[in-house]
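Reading the sequence shown from the start, the letters are residues -29 to -1, 1 to 139 in mature numbering (1 follows the signal peptide of the UniProt record, and there is no 0).
The hints are simulated quantities; they were obtained by calculation from the structure and are not laboratory data. Quick caveat: nothing in here was measured; it's all calculated off a predicted structure. You may find that some hints are simply not true.
[Said to hold, decoys possible] The calculated label-pair distances, taken between Cβ atoms and stated as ranges, are:
1. Y15 to T40: 21 to 27 Å
2. S37 to S2: 52 to 58 Å
3. S104 to V30: 25 to 31 Å
4. Y139 to G22: 45 to 51 Å
5. G22 to Q84: 18 to 24 Å
6. S2 to E61: 37 to 43 Å
7. G43 to I12: 28 to 34 Å
[Claimed, not checked] Okay, derived cross-link-like pairs now, DSS-like style, lysine-lysine, Cα gap no bigger than 30 Å in a straight line:
8. K76 to K36
9. K94 to K111
10. K111 to K8
11. K94 to K8
We put the CB at the ideal spot given by N, CA and C, even for glycine.
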Amino acid sequence: MARISPILTFQFIISSLLLSSSAMTLVSGESHGFREKLTHICLYWHDIVGGPHPTAIDVVPPPSKSSPTNFGLVRMFDNALTQGPELSSELVARAQGFYASAAQKELSLLMAQNFAFVQVFNKVRELPVIGGSGVFRFAKGYAEASTHTFDLTTGDATVEYNIYVLHY
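Please take these sequences and the hints and turn them into a complete structure.
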């Protein structure tokens, strides 16, 4: 039976470590000079489904009235985000998006939303950029939108977008 020399084994291990550290260096990319920060934001999300002034409406009702989870329901919302748990507390932003009941046996929601901290009719509005495709896969950043023209009669608009993204 052939034996592997301890020197050959040692060289193999060192070569493997050097190659893996080189690969790690290639994968890590260039520094963009920004330091990552953690910000904690506590808001209260008010989802009002019933009553005279709902903030959430069903756009697709559940196909079966007998489903305990309302499986298949899709609901669009424009909910208040407040500083405190009372709806009368200070309005901080609006949560705009939709959620859908995505499971048959337990309550599970698929949700997409944007927290709008700036009014739509302000001169410049900020929007999040989360993800992308192609060269913008894993992108993150923000976009600034400013209305160039808006026709109240037709609803036609021309909006300028300046988009800033970090990507790989």
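Each hint, compared with the structure:
1. Y15 to T40: 21 to 27 Å: holds, 24 Å
2. S37 to S2: 52 to 58 Å: About 57 Å separates the Cβ atoms of S37 and S2, which means 52 to 58 Å holds.
3. S104 to V30: 25 to 31 Å: About 26 Å separates the Cβ atoms of S104 and V30, which means 25 to 31 Å holds.
4. Y139 to G22: 45 to 51 Å: The hint (45 to 51 Å, Cβ to Cβ) holds, given that Y139 and G22 are roughly 47 Å apart.
5. G22 to Q84: 18 to 24 Å: holds, 21 Å
6. S2 to E61: 37 to 43 Å: For E61 against S2, whose Cβ atoms are near 39 Å apart, the range 37 to 43 Å holds.
7. G43 to I12: 28 to 34 Å: Taking Cβ atoms as reference, G43 and I12 lie about 32 Å apart, which means the hint holds.
8. K76 to K36: Holds. K76 to K36 sits at ~14 Å (cutoff 30 Å).
9. K94 to K111: Judged against 30 Å, a Cα distance of about 23 Å means the pair holds.
10. K111 to K8: holds, 15 Å
11. K94 to K8: Given that 30 Å is the threshold and the Cα spacing comes to 28 Å, the pair holds.
Hint check: no violations occur; every hint is consistent with the structure.
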